[in-house]
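In terms of the working numbering, the sequence shown is residues 1 to 125.
No lab work stands behind these hints: they were computed from the structure. Be aware that one or more of the hints could be misleading.
Unchecked claim - With a Cα cut of at most 20 Å, we get these calculated SDA-like pairs of lysine to any residue:
no.: 1; residue 1: LYS99; residue 2: VAL89
no.: 2; residue 1: LYS99; residue 2: THR39
no.: 3; residue 1: LYS34; residue 2: LEU49
no.: 4; residue 1: LYS34; residue 2: MET24
Treat the numbers as computed from the prediction; the structure is a model and nothing was measured.
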Amino acid sequence: MLIASQIVVALIGALHIYILVLEMFLWRSERAYKAFGTTPEVAAITAPLAANQGLYNGFLAAGLLWGVIHPNRAFAWQIQAFFLLCVAVAGVYGAATAKRSILFVQTVPSAIGLALVLLANRAGG
Numbered sequence: 001m002l003i004a005s006q007i008v009v010a011l012i013g014a015l016h017i018y019i020l021v022l023e024m025f026l027w028r029s030e031r032a033y034k035a036f037g038t039t040p041e042v043a044a045i046t047a048p049l050a051a052n053q054g055l056y057n058g059f060l061a062a063g064l065l066w067g068v069i070h071p072n073r074a075f076a077w078q079i080q081a082f083f084l085l086c087v088a089v090a091g092v093y094g095a096a097t098a099k100r101s102i103l104f105v106q107t108v109p110s111a112i113g114l115a116l117v118l119l120a121n122r123a124g125g
């Protein structure tokens, strides 16, 4: 269970690095227009906001990956749980206010990851 939870948490961290790159560096690209449903006109106006949002996604990624590499398992699972909860809450808010698919991209994977982390901790992993 420990390995599965670590893989899922690392993948969610990698997803948030990808989101950081899209929002901070590729906001005015076809890939970002498609991913976020924007247009070149909207992207030009919202680029500073997207970059700020990307930075926050980077903080989430850093926290998740910190939890994966932390040598103290008793503390690592707490770090992972905290940041997975942050991702889940952000996903619920994003789904309610921006785009419903965020629920499936962020909240569902983070809930699965949180369940795996909690199960691994309970099993003594």
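Each hint tested on the structure:
{"no.": "1", "hint": "LYS99 / VAL89", "verdict": "holds, 14 Å"}
{"no.": "2", "hint": "LYS99 / THR39", "verdict": "holds, 15 Å"}
{"no.": "3", "hint": "LYS34 / LEU49", "verdict": "holds, 18 Å"}
{"no.": "4", "hint": "LYS34 / MET24", "verdict": "holds, 15 Å"}
The structure fails none of the hints (numbered hints given earlier).
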